[in-house]
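**Q** One-letter residues, chain by chain:
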Amino acid sequence: MRYLITRIALLIGTFWVASTIDFLIPRLMPGNPAADMMAKFQQNGDTLSPSAQHTLAVMLGLTHKTLWSQYTTYLWQVIHFNFGRSYTYFPFTVTSEIFHALPWTLALVGLTTLLSFSLGTGLGVLASWRRGGRLDSWATPVAMFTSAFPYFWLAMALLYVLGYLLHAFPLTGAYSSSLNPGWSFAFVTSVLYHCILPAVTILVSSLGGWLLTMRNNMLTTLREDYVLLAQAKGLSEAKIAIGYAARNAILPNFTGFAMALGFVVGGSLLMEVVFAFPGMGYLLYNAAINQDFPLLQGIFVMIVACVLLANFLADLAYFILDPRIRRSLKGGQRA
Amino acid sequence: MIATNREQSGKPATASTKRRSVFLATAALLWADRRARIGIIMLGAFLAVYLFAPWIAPYSPTQGVSISMHGPTFRNWLGTTQSGQDVLSQLIWGSRVSLSVAFLVGIISTILALTVGLIQGTVGGITDQVLGFVSNVFLVLPGLPLIIVVAAYAPARGLSVIVVIIAMTSWAWGSRIYRAQVISLNQRDYVTAARLSGDSNLRIMFHDILPNMSSLVAAHFLGACMTGLLAESGLEFLGLGNPNVVSWGTMLYWAQNDNALPLGQWAWIVAPGLAIALFGMTLALINFGLDGISNPQLREANR
Numbered sequence: 001m002r003y004l005i006t007r008i009a010l011l012i013g014t015f016w017v018a019s020t021i022d023f024l025i026p027r028l029m030p031g032n033p034a035a036d037m038m039a040k041f042q043q044n045g046d047t048l049s050p051s052a053q054h055t056l057a058v059m060l061g062l063t064h065k066t067l068w069s070q071y072t073t074y075l076w077q078v079i080h081f082n083f084g085r086s087y088t089y090f091p092f093t094v095t096s097e098i099f100h101a102l103p104w105t106l107a108l109v110g111l112t113t114l115l116s117f118s119l120g121t122g123l124g125v126l127a128s129w130r131r132g133g134r135l136d137s138w139a140t141p142v143a144m145f146t147s148a149f150p151y152f153w154l155a156m157a158l159l160y161v162l163g164y165l166l167h168a169f170p171l172t173g174a175y176s177s178s179l180n181p182g183w184s185f186a187f188v189t190s191v192l193y194h195c196i197l198p199a200v201t202i203l204v205s206s207l208g209g210w211l212l213t214m215r216n217n218m219l220t221t222l223r224e225d226y227v228l229l230a231q232a233k234g235l236s237e238a239k240i241a242i243g244y245a246a247r248n249a250i251l252p253n254f255t256g257f258a259m260a261l262g263f264v265v266g267g268s269l270l271m272e273v274v275f276a277f278p279g280m281g282y283l284l285y286n287a288a289i290n291q292d293f294p295l296l297q298g299i300f301v302m303i304v305a306c307v308l309l310a311n312f313l314a315d316l317a318y319f320i321l322d323p324r325i326r327r328s329l330k331g332g333q334r335a
Numbered sequence: 001m002i003a004t005n006r007e008q009s010g011k012p013a014t015a016s017t018k019r020r021s022v023f024l025a026t027a028a029l030l031w032a033d034r035r036a037r038i039g040i041i042m043l044g045a046f047l048a049v050y051l052f053a054p055w056i057a058p059y060s061p062t063q064g065v066s067i068s069m070h071g072p073t074f075r076n077w078l079g080t081t082q083s084g085q086d087v088l089s090q091l092i093w094g095s096r097v098s099l100s101v102a103f104l105v106g107i108i109s110t111i112l113a114l115t116v117g118l119i120q121g122t123v124g125g126i127t128d129q130v131l132g133f134v135s136n137v138f139l140v141l142p143g144l145p146l147i148i149v150v151a152a153y154a155p156a157r158g159l160s161v162i163v164v165i166i167a168m169t170s171w172a173w174g175s176r177i178y179r180a181q182v183i184s185l186n187q188r189d190y191v192t193a194a195r196l197s198g199d200s201n202l203r204i205m206f207h208d209i210l211p212n213m214s215s216l217v218a219a220h221f222l223g224a225c226m227t228g229l230l231a232e233s234g235l236e237f238l239g240l241g242n243p244n245v246v247s248w249g250t251m252l253y254w255a256q257n258d259n260a261l262p263l264g265q266w267a268w269i270v271a272p273g274l275a276i277a278l279f280g281m282t283l284a285l286i287n288f289g290l291d292g293i294s295n296p297q298l299r300e301a302n303r
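Here the protein sequences line up with chains A and B, keeping their order.
In terms of the working numbering, the first sequence opens at residue 1 and continues consecutively.
In terms of the working numbering, the second sequence opens at residue 1 and continues consecutively.
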């Protein structure tokens, strides 16, 4: 239980720190960007209603209220996930824009990350088991190369070859614009068709990392005495590889999950821009380009919340898979 | 005469020879690994391009030298841009900005990680726990979205802001590893011996502990360099950097904006991306060798 409580405390603590950073960024910038920004918005003031200007001023910290009262108002907004209206997509609220974009990214990035994690880890086990074998000698160098691809560049290359040259895949969006979103067969197949290239991009760029770490973990684990004992007992190769070596070798992959996820999320956000995929990355890009600050703040808070939850789930998986942690907790000694 | 000289400077001389020999041994082990050797040679090639850019580049990276948007020819090996600039020359000059950002991020991030990790590992107690919480926060904080938000607010989109923020979000994993390593090394016999012979904590840190972590330090440095390069090029690709600087990221930005792919100038897009991927592979190859040094069980396998 103590492990869980520490994790939950860390989850909340990190979320609070991230939200505070989000609050401080516009107020800590060198010079006075807030005033410049206000001046710029007032110059073409006809686009902004007085109330919108007031909201902008409050958000950028250009009010006569104390920093502390601004901060408490902000935290109240974060807790209720209410960031007012977006400038770019006026009159829609930030929240509604985010909840339109979020499912696309969650489904695409979530599913492909799961797939890439299982495939990469599996290939890593195979490569280490037949060390120096055929799979190991070509898959490992290829993995090193592909894991260094910038996501957005791979996306552009795939789009060029398979989209422009071969006309095999659609060029932009997540579904054909002639269709109405809904649960019709035509719409779902169109979505799947549009998602192939983005999914392949994430798979190719992220699979190598899982493969390499798993392979290295396996090579260390395979030298352990208990693997030798299992071999001496005459257990089948598959049982030793999966039940003895892989089970232990996979644990560092969960502790490293936070860092790996950061890369996947960052890369996917950029990739969405190339495909004009209507997810969080594309929304973030539009918010940044149009200096839509309420939207920007809302998206950042949402992305942080999702990443934190995913990490929490990885911690839970670690907890379930590693009996040492469970046992040491029962003794109440180390966490 | 020579003998007395040696006696006088006896202790520092042996200590520095010992330290140098640890580094030399690390370097020799790295060179012995086939993958790391290829990586080091590739890194040398990148550094040569970086240093000798003005002499290697056939044209100026900013001036138009030919008709715009044509594919690779004998005069322009990688074709030209929308404004008729030579893509190869841009690639060569662009390595200066891109690799500088990569190395700067690597250096700052490594210093941050070492400082936090060493303090945590040596001081312990409440300081360790507080810093542990801080590094846990920075570990899960998604770097790129944060950088995008900051870049959107920043009045002047200079490289220094980008470098500092990428470094701030990429040190946490390293500090965690260094902390564990310091705690482990602190329990070794030779550290106890140094402590009993009256060496100060600082001396133990720099003479006995740090040299034995050199492969871990180098591994984090290379990883942070890659993070820096990827984040910088991503940011510039979005147009959130300074688009007037010639770097691999801005090349991709202009290529995308000027519709290089639909117009058939594929080399303009392929070249900078491949350069980034090859540089990443270079670092990964060296890292493989470093892994083998910190973990001898991997070494035999990689040979």
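Hints in this document: simulated from the structure, not taken from any laboratory.
Computed from a prediction, not measured in an experiment: that's the story for all the values here.
It is possible that part of the hints are untrue.
Computed Cβ-Cβ distance ranges for the label pairs, DEER-style [unchecked claim]:
id: 1; chain 1: B; residue 1: G158; chain 2: A; residue 2: T66; range: 23 to 33 angstroms
id: 2; chain 1: A; residue 1: Q291; chain 2: B; residue 2: G132; range: 33 to 43 angstroms
id: 3; chain 1: A; residue 1: V161; chain 2: B; residue 2: I107; range: 45 to 55 angstroms
id: 4; chain 1: B; residue 1: V123; chain 2: A; residue 2: E237; range: 45 to 55 angstroms
A few chain B residues that don't get close to chain A, going by computed Cβ distances all over 10 angstroms [unchecked claim]:
id: 5; residue: G84
id: 6; residue: I126
id: 7; residue: V149
id: 8; residue: S200
id: 9; residue: G280
Backbone N, C-alpha and C fix where the C-beta goes; we use that ideal spot for every residue, glycine too.
**Q** Now, for every hint given, state plainly whether the structure supports it.
**A** The hints, checked one at a time:
1. B:G158 / A:T66: 23 to 33 angstroms: holds (31 angstroms)
2. A:Q291 / B:G132: 33 to 43 angstroms: holds (37 angstroms)
3. A:V161 / B:I107: 45 to 55 angstroms: violated (38 angstroms)
4. B:V123 / A:E237: 45 to 55 angstroms: holds (47 angstroms)
5. G84: holds (22 angstroms)
6. I126: holds (16 angstroms)
7. V149: Its Cβ does come within 10 angstroms of chain A, the nearest being 5 angstroms, so this is violated.
8. S200: holds (31 angstroms)
9. G280: violated (2 angstroms)
The structure fails to meet hints 3, 7, 9 from the earlier list, while all remaining hints are met.
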